[in-house]
Each structure stands twice: as C-alpha cells, then as structure tokens.
Amino acid sequence: LDHTTLTYDTLRYGDFDDFPETSEPVWILGKDFNALTEKDDILSDVTSRLWFTYRKNFPPIGGTGPTSDTGWGCMLRCGQMILGEALVCRHLGRDCTVNQINPCQEISPLSVYSHLKTNCVEYYPSCPRETVLNIIRLALGKLTVLNIIRLALRKLTVFDSWSRLAVHVAMDNTVVTEEIKRLCMPWLDYGGAACAEPPGWMPKHNGCLEGACALAEEETALWKPLVLLIPLRLGLSDINKAYIETLKQCFQLPQSLGVIGGKPNSAHYFIGYVGEELIYLDPHTTQPAVEPCEDSQVPDDTYHCQHPPCRMHICEIDPSIAVGFFCRTEDDFDDWCVRIRKLSHTRGGLPMFELVDCQPSNFACSVDVLNLTPDFSDRLERFFDSEDEEFEILSL
1 LDHTTLTYDT
11 LRYGDFDDFP
21 ETSEPVWILG
31 KDFNALTEKD
41 DILSDVTSRL
51 WFTYRKNFPP
61 IGGTGPTSDT
71 GWGCMLRCGQ
81 MILGEALVCR
91 HLGRDCTVNQ
101 INPCQEISPL
111 SVYSHLKTNC
121 VEYYPSCPRE
131 TVLNIIRLAL
141 GKLTVLNIIR
151 LALRKLTVFD
161 SWSRLAVHVA
171 MDNTVVTEEI
181 KRLCMPWLDY
191 GGAACAEPPG
201 WMPKHNGCLE
211 GACALAEEET
221 ALWKPLVLLI
231 PLRLGLSDIN
241 KAYIETLKQC
251 FQLPQSLGVI
261 GGKPNSAHYF
271 IGYVGEELIY
281 LDPHTTQPAV
291 EPCEDSQVPD
301 DTYHCQHPPC
311 RMHICEIDPS
321 IAVGFFCRTE
331 DDFDDWCVRI
341 RKLSHTRGGL
351 PMFELVDCQP
361 SNFACSVDVL
371 NLTPDFSDRL
381 ERFFDSEDEE
391 FEILSL
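So that you can map any letter, position 370 of the sequence shown is 370 in the working numbering, and since no number is skipped, the others follow by simple counting.
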C-alpha cells in the first residue's frame, strides 16, 4: 500500500504547470505581483507559506490507530495550513520569507517555524497527547475546520502564553463587530468602557521563545490578535457566479488568511488568484513523518512547496468554503471592517456575508470557539473531510 501511495503521489508531484505569462495581476494573501517581471518573487512567496501534506509512518494515533492520514486527512492538513499562516502572521509578519531566516537570531523565523512544526501543527514524539494528529481521536464523528482549530488551541497550552490568539467563527453568514471586540478585549463592557483589568500573564517558556512570550504579553495587553473564520455556502451544487468577484477581492485584503475549500472529496488551501484561476496548495502528497533533529529543530524542506503552485478555475470550486482573516490589532480589525463595507458596495458582485455592529435580536447565541462541546460543534456548519464524502452542511 505504501509503495502504491508513493507511486501515485510521485506522479502527482511531478505534474505541475509553470506559472502563466500574463499581464493580469497576481494576488496572494493580500499582496499583488506582476507575473511578467516578478515570477521569482511569486514562487518565493508561495514557497514561504507553510505546506502540510499527508504523512505516513508516524506513531499510531491513540496507540493503536492509523499511522498515516493518506486518503482522509486533507481537510485536517488544510486546517493546519490556514492556522499556520495565522501564526506566521502573528509572530513574523506577512512579508517574512524563508529566505530571510537567520539562524543566529534569538527569535528568528527559523525558531518560530521550528516551534510551529514541532509544538503546534505536527507530530512531536515527546508530547504525543498535545499534537493535532492525536487530537483527532477526541473529535466526535468527522473532523471539521472548526474542530481542528478549536481543539488545537484548547489542547496546546503554548498558544495561551506565546500566541494569545482570539478565534471567532462567524455563524449564519454574519460577522458581528461587537462580538469580536468583546472577544478580543474581554475586559471591556458592552459600551467599550473598562470593566476589569486585562488578564494576567501566563508562565513563560524557557529557551529562545521566552523573549517572544514577553513581547506577546506587551503586544496583547489591549487586543488579542484575531483569527476570524467565516463558513459560507456560495451556491447549491456549483458556485454562484455572482459571488466570484467578491471572493477574488477577499484575497486582495491585507488581512487575508486564504480560503479552505476545494472539490467534492478533495480539500485544498487557496491562497490567491490570477485572472479566473485560483492559486492553491494541495495536501494530497504523502511524505514520511519527520522527527525533530537533536537540537529539536524540524527539517524544513518538506514543509514548503518547492514547485509552482497549483491552479484551478474559480468556477470549479465547491460552493462550501471557509474564508479566513487575521487582524493583529484593533486598528487592523477596524480597517478590515471598512474594506469589507466597501466590498459590499462594489459593482459586479454580491457580498458573501453581512457585517453588522450589534447582534440582531433573532441571531443565534455567541459561539466561544475555545469552549465548545464536541456535540455542539458537530452541529455547526461543517466541511467533511476528503476521500469518502462530499462537502456537506448540516443545519442547527
């Protein structure tokens, strides 16, 4: 089976078209490029994104479970990629590339990337109970994007002291700014006045990340960096063409984390577009599980896509998607709100979701992503994982 999988993946890995020669702008996670003069910059930017794929030969999940996620883990891997992008933006900034890594820095991209891969989103033998791959046994039924991020943030206590993220899943195609500000500034009352002191600081970690933890305490004193996920269905069996321009413009926003979606039975992580084609990272390649080196750093090569990015015509995407955004500060979130409201008035496209200041009276109760019970989260809008069922949405 491993040999068959390896042969299949090798064929897929080698079958990639070069990036097109076009005068149309290329947008990748809020940055625009010229394909005629900046092709190397485009490929460097794509390579710098964290790329998570199927893995094999990792220790059995739960002690007796699978040793590979080939054939069923693509949605999990896409969840890792969008969460990894949020953490890179949180700690390194959107513009950081792998070419800027300086191993001599105390808090360098290398140390951050290594920390993400070992402690956050990959298997790490010294703490198997705190890895995303082992977290899947805790979820009821099919894994969802929501479960991936909720359980990862809940179980990995390192996020509390190092990243201090607020994660919000907007329900019913509606983003309520009051809810988000209450989440990111929990010490404020409904009117924005202080009602309590900002929360105390968590214990710091030893090693090179201690300085990062101290910096995080200062940076998040007034605002916890926001990861905003918006599950959407943009059509019945096919995407409604009225949403295409709005979807494309989401990739132009500086707060963009990309989109999780794909085709039925096959999830992808979309990071941008050129013309009428979406640019995406494909998790459907099986690679051997990676063990940390003696210095606890993880070999880097298999976590960054070295070939030209995949492309798909936007009309081929399944209408069930999840759009992600990252707002580092309150000003960043306010800027996002202004841009979204402008998009809603753009001619040639329909808004994909609604942005309101206060919760409507008939709106469902607020969702605390980090404290959902598995039973409740299984009733939320979901995206079923890959190879056995199509994307499906369940009503509450």
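Treat the hints as calculated values from the structure; they're not laboratory data. Don't take every hint at face value.
Straight-line alpha carbon distances no greater than 35 Å define the calculated DSBU-like cross-link-like pairs of lysine-lysine that follow [stated by the list, open to error]: (1) Lys39 x Lys181; (2) Lys56 x Lys241; (3) Lys241 x Lys263; (4) Lys56 x Lys342; (5) Lys39 x Lys56; (6) Lys181 x Lys342.
Okay, the calculated beta carbon distance ranges per label pair [unchecked claim]: (7) Gln359 x Gly65: 18 to 26 Å; (8) Cys315 x Glu38: 24 to 32 Å; (9) Pro351 x His313: 45 to 53 Å; (10) His313 x Leu350: 32 to 40 Å; (11) Glu291 x Glu178: 41 to 49 Å; (12) Pro288 x Lys342: 45 to 53 Å; (13) Asp301 x Cys337: 38 to 46 Å; (14) Asp334 x Ala242: 43 to 51 Å.
Think of the CB as a built atom: it goes at the ideal place given N, C-alpha and C, for glycine as much as any other residue.
Quick rundown of the hints versus the structure:
For the hint pairing lysine 39 with lysine 181, the CA-to-CA distance comes to about 39 Å; that exceeds 35 Å, so the pair is violated. For the hint linking lysine 56 to lysine 241, the alpha-carbon distance of about 39 Å lies beyond 35 Å, and the restraint is violated. Of the pairs offered as hints, the one joining lysine 241 and lysine 263 holds, with about 16 Å between alpha carbons and a cut-off of 35 Å not exceeded. For the given pair, lysine 56 sits about 46 Å from lysine 342 by alpha-carbon distance, which is inconsistent with the 35 Å threshold.
Restraint check for lysine 39 and lysine 56: satisfied, since their Cα atoms lie roughly 33 Å apart, inside the 35 Å limit. With a C-alpha separation of about 20 Å, the suggested pair lysine 181 and lysine 342 falls inside the 35 Å cut-off, and the hint holds. Checked against the hint of 18 to 26 Å, the C-beta distance between glutamine 359 and glycine 65 comes to roughly 41 Å, which is inconsistent with it. Judged by the Cβ atoms, the range 24 to 32 Å given for cysteine 315 and glutamate 38 holds: they are separated by roughly 27 Å.
Evaluation of the 45 to 53 Å hint for proline 351 and histidine 313 yields a failure: the beta carbon distance comes to about 23 Å. In this structure the hint that histidine 313 and leucine 350 lie 32 to 40 Å apart at CB is violated, the actual value being about 20 Å. For the pair glutamate 291 and glutamate 178, the beta carbons lie near 46 Å from each other, so the given range of 41 to 49 Å is met. The hint said 45 to 53 Å for the Cβ distance between proline 288 and lysine 342, and at roughly 47 Å that hint holds.
Separation of aspartate 301 from cysteine 337 is about 40 Å and conforms to the stated range, judged on CB atoms against 38 to 46 Å. The beta-carbon spacing between aspartate 334 and alanine 242, approximately 28 Å, falls outside the hinted interval of 43 to 51 Å.
Hint violations for this structure: numbers 1, 2, 4, 7, 9, 10, 14, all remaining hints satisfied.
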